[in-house]
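Q: As given, the protein sequences belong to chains A and B, one line each in that order. The first sequence: position 286 = 1147 (my numbering), numbered continuously. The second sequence: position 157 = 1018 (my numbering), numbered continuously.
Accuracy of the hints is not assured; some may be wrong.
What the hints assert, rightly or not - Simulated pairs of lysine-lysine, DSBU-like, Cα-Cα distance not exceeding 35 Å:
no.	chain 1	residue 1	chain 2	residue 2
1	A	K963	A	K914
2	B	K1123	A	K963
3	B	K963	A	K1123
4	B	K914	B	K963
5	B	K914	A	K1123
6	B	K1123	A	K914
7	A	K1123	B	K1123
Hints listed in this document are in silico derivations from the structure and should not be mistaken for laboratory results.
Protein chains: 2
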Amino acid sequence: MTTQRPHPEDVQTVGILGTGVIGGAWALHFLRMGKDVLVWDSAPGAEQRLREKVAEKWSVLEQLGLREGADPARLRFAASLESFCQNVDIIQESTPEHLPEKQALFAQLDALTPDHVVISSSTSGLLMTDIQQDCANPGRTVVCHPFNPPYMIPFCEVVGGEQSDDAAVDWAAEFFQLNGKQVARMERELPGFIGNRLQDAIWREALHMVDNGECSVADIDKAIAYGPGLRWAIMGPCANMALCGGEGGMQRMLDHFGPSLKEPWTRLEAPELTESLYRDMVDGFNASTGGRSMAQLAEELDDCLIRIQQVLREYRDSHGIER
Amino acid sequence: MTTQRPHPEDVQTVGILGTGVIGGAWALHFLRMGKDVLVWDSAPGAEQRLREKVAEKWSVLEQLGLREGADPARLRFAASLESFCQNVDIIQESTPEHLPEKQALFAQLDALTPDHVVISSSTSGLLMTDIQQDCANPGRTVVCHPFNPPYMIPFCEVVGGEQSDDAAVDWAAEFFQLNGKQVARMERELPGFIGNRLQDAIWREALHMVDNGECSVADIDKAIAYGPGLRWAIMGPCANMALCGGEGGMQRMLDHFGPSLKEPWTRLEAPELTESLYRDMVDGFNASTGGRSMAQLAEELDDCLIRIQQVLREYRDSHGIER
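Could you put the whole structure together from the sequences, leaning on the hints where they help?
A: Now the structure itself:
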């Protein structure tokens, strides 16, 4: 029996497997998105804990904005793994990061779940190529790695393993993008994915600096939160670098600051700025701006920088936080 | 003739040397702070260009918040370098990054300026140890490296060279902190200082990823702006990592995620998590929180995350920006 996969817009019921920190937050996210959420977690007390968390966090979801139909009453727990697998339009799995257990779980899910249903893992440290190896129908298994908590932080990475069908990965990317996430649809697996790699680059440089007595933990946090971190909430590091090039954008920036890549300004050595990388950065940046001019990007950066700092100042003043 | 250095609170006149992108923005910053700003720049048309910039950006300074007495009419240009040096309580130098020229300039400034006046450089790429070597009184020469534009981005690093007096560096750190900046007072010189090192770690990892076809420029920017960048506008990477440890904070986080430092999640290898580094991170983080609990930090993060995303959404909606 093969049923066609529904259009991502037509997903009614999201299956949440595991209700720990990540799985529970996924459940909140899809309740906020106005979906039916069916949960499976065999741990004693899981249902009560999740229902308490939903009640506790509902006002946060309201502040973030509820989609039509969003209702905590749409949270249900399945009576068995079998009935869970038979009654969902997509599964988001968030269990502990142990490869053998996850391989066995995916084989079981694959056997119990209709072939057209996409089975997605929240894994941050494992590769779907490894997880899917005992599945009879691995084509519909994918990874959607969120940032925590997924109801609050929009970014996620969607990627398949070697046996995943491109169509299933595309479907998942569209589904999550339609449902409040900002998706990077990756063409290949990469340890650490994208966001954690970038985050780890800062974290490791910070650890080296503290290890060598070059600066304090407080200095590192101050440097980012009152420095580039303010800008990165508005647009990412590439756009911010391109804005250093003024009207000339990324191209002018690379021309001007390319030589500084040779400086020992971090322990990470830069790649050679070849003609090919130069073109990839310039073309890639131009493709990323949605046709907006550098002047428009600069205006957005300035306006939002002012507003964000006002928000932070008002919050801190009203809470007596000195910073 | 030796005059005592005034208390940092009592500085009346800030001397701005150079009116390029950085120097001009410093002039705006100190006008916003309610200071007299005396400028020296011998380039033809410099005065007219800066006055136009002040007029153009004054509304931005108003939105950022003006200190008492802030007035564009308090901007004056010196008739000569000699009269500039004789009539300022501190000099902030922002000329091009050429060491021989900067060495000669500092020797000249040192000869013309009363001994008690601190002479500060905006340099990002040179070391004060090198810049100050031809000064007769190098003790009062320091670096204050800002992020651009300094009237908008609060963070700066204050550090001396080998011949700088600790008292002068401390004085400068206090002066900038009193005048709207968030200062990291560094104990030693470090190529790239703090902020640019952390920023470059991300930028170089991003270049490697594009170079290897691992992801696109758009993916990198999306990963940061909709991921950790949102959190880093509120508190820096160390505090955000510590929040992953829940009530256990940094200590629990290092216990739990320490092993992931061995993962190839960036091209930058992490240092060994020795007992000494472990203690430095835990104690350094605890010293950085101003006595606030993990629960208070978590509440600030959540509340500000919601508000910042509302601000960004409202701005983008009102400007028809799809993102």
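Q: Hint by hint, note whether the structure agrees.
A: Going down the list of hints, with the structure as the test:
1. A:K963 x A:K914: Measuring from Cα to Cα gives roughly 25 Å; hence the hint holds.
2. B:K1123 x A:K963: Holds. B:K1123 to A:K963 sits at ~22 Å (cutoff 35 Å).
3. B:K963 x A:K1123: Between B:K963 and A:K1123 the Cα gap is close to 22 Å, so the pair holds against 35 Å.
4. B:K914 x B:K963: With a Cα-Cα distance of about 25 Å, the restraint between B:K914 and B:K963 holds, given a limit of 35 Å.
5. B:K914 x A:K1123: Judged against 35 Å, a Cα distance of about 34 Å means the pair holds.
6. B:K1123 x A:K914: 34 Å, holds
7. A:K1123 x B:K1123: 26 Å, holds
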